[in-house]
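Visitor: One-letter residues, chain by chain:
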Amino acid sequence: MPYLFDIILNINVFCGFGGMVMALTIKEVEDIALMARLNLKEEEKEDFAQQLNLILDYSNLLHKLNTDNVEPLTYVLPVYNVFRDDVVSPGSPREEILSNGPLLEDGQYKVPKIM
Amino acid sequence: MELYELGLRDLQDKLNGDEVSVKEIIESIFKRIHAVDDKVKSFITLDEENALKKAAGLSSKENRKGKIAGLPFALKDVFCTRGLRTTCASRMLENFVPIYDATAVSRLNTEQGILIGKLNMDEFAMGSSTELSAFFPTRNPWDLERVPGGSSGGCAAAVAAGEVPVALGSDTGGSIRQPASFCGVVGFKPSYGRVSRWGVVAYTSSMDQAGVIARKVEDCALIMDIIAGHDPLDATSANVEVPDFRAFLNPDIRGMKIAYPTECFQQGVDEEVKNLILAALKKYEELGAVIEEVSLPHSEYALPAYYIIGPAEASTNLACYDGVRFGLRVEADNILDMYCNSRTAGFGDEVKRRIMLGTRVLSSGYYENYYLKAMKVRRLIKNDFDQVFKSFDLVITPTTPTAAFKLGAEIGDPLTLYGNDIFTVPVNMAGLPAISIPCGFSDGLPVGMQIIGRAFDEGKVLKAAYAFEQNTSYHKTKPFLGGEQR
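The listed protein sequences derive, respectively, from chains A and B. Mapped onto our numbering, the consecutive letters of the first sequence carry residue numbers 92 to 206. Mapped onto our numbering, the consecutive letters of the second sequence carry residue numbers 16 to 501.
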């Protein structure tokens, strides 16, 4: 059953205040999965498209609110740059840090060929 | 009463009076765990051998100098524990053994508390039922067919079942208060920044906060006296004065001004829950508080905003699980496939869903429409509270719209599941302290009342909670799991 989400796309999602927010296509779900470094099976793509659309749809409620003159609130605390004195303190021993590494060689993390 | 049924303060009195030994306390706890945990399934990892060793080291009074010397505690498996597996209930971290303790944990250790074990949760703290643990679901001690709530479901279930008197949990959108409500125990989420997040595996950094689940308000205050305070290792921990929280445990609340928001008594809230909260407000009035109805007009926008901000931050926080430095790794012959294979095998569906959602709302072209919009709405939600707190000391709401639901009932329907957090999420968005305490029963299931305070005014929240507890007996009713004396 290809493109179940087309139905959702048709029902929705025009929001008067916030502009057009389109439902996700399978292609977009594939792109997102790649950006998020996840593999999806074919059937998962449809499931995720549907679920993500549900949530994104729900969040379109936010566009009912006019927020033109509202400052975004990132953190509730008035904390911006937090500096400390540049004092050397002992860190964790290298062997301990490496102890959780899934694959090591000569005291270094080993990864597949990159280039 | 058996030792495992007592709170920290009561155990302390018994220790001080030489009525019991630390060994007897710890043995009673493990005996209880071995008797009921097959049913409740609260614990992922037990640390029995070490706990008994520590108990032996604290056998003489001279060695017990700490504030909770010889007393048992447990941790949601989101807190890093040096040398003890910390899984976050995820396949990704199934074999992860931290090389340091979370700051909150090392503070409890310094005060000579005895760690019993690590508790189950929804994977990476994403969920409201503890069914999303990658290992097994935890069950509600009041009805084993129901969920304990989540994400700190293991904490609440263990405390309710008498497996441990207190546990540390974490709360991003209600993850301490909602399970406390479902399991009939006390769940306290301090102000954002009050307790260090160092060593607490991150989900939504701007809202995550560590806190306490206990059977008594006084035990919450005792633990808060230990874990609260600035930590140079957490740049967002607040550098503000920490009061003596236990000094607020005085039930005289005459003249206190308490508001209840109209929005929390509208449709979708169980009739029984509504009545219990209204009865509780009446109780406060009898105790001398002034009660008034107010409006938090933007509260309906808290959930949709949370389901943008939460996943957005989660998608960046969880980018560190790449199979290189720690966690699960699934090999491939190129790096991209190795990343993808590892993350695909390591994360459960809900975690993937939130990572993908977060990736989407942060991506170019969508950032303004979703993420930025949600942060603006967050400002409006905080403004609502600021307005109310100009003339009131506290705000009271139900903790959740209903009592605990059945296992499997809401799985697979993200929006229904998210609806549980409707009264708790706004509090995290505004960074406020809040507690859930038992305020009655609906069909034999516990119902919780949420008390919200001004930022860094935890004292008043604890005071009001204590006053209610001292004047009611809901917290004395315990679930029956077999073997208890009645």
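Simulated from the structure, these hints should not be mistaken for lab results. Accuracy of the hints is not assured; some may be wrong.
[What the hints assert, rightly or not] Not everything, but these chain B residues come out facing chain A in the computed CB check (under 8 Å):
{"#": "1", "residue": "G208"}
{"#": "2", "residue": "N265"}
{"#": "3", "residue": "L293"}
{"#": "4", "residue": "L387"}
{"#": "5", "residue": "Q485"}
What you are looking at is a predicted structure, and each value in this text was computed from that prediction instead of being measured. We put the CB at the ideal spot given by N, CA and C, even for glycine.
Visitor: Going back to the hint list, which numbers does this structure go against?
Guide: Hints 2, 3, 5 not satisfied by this model.
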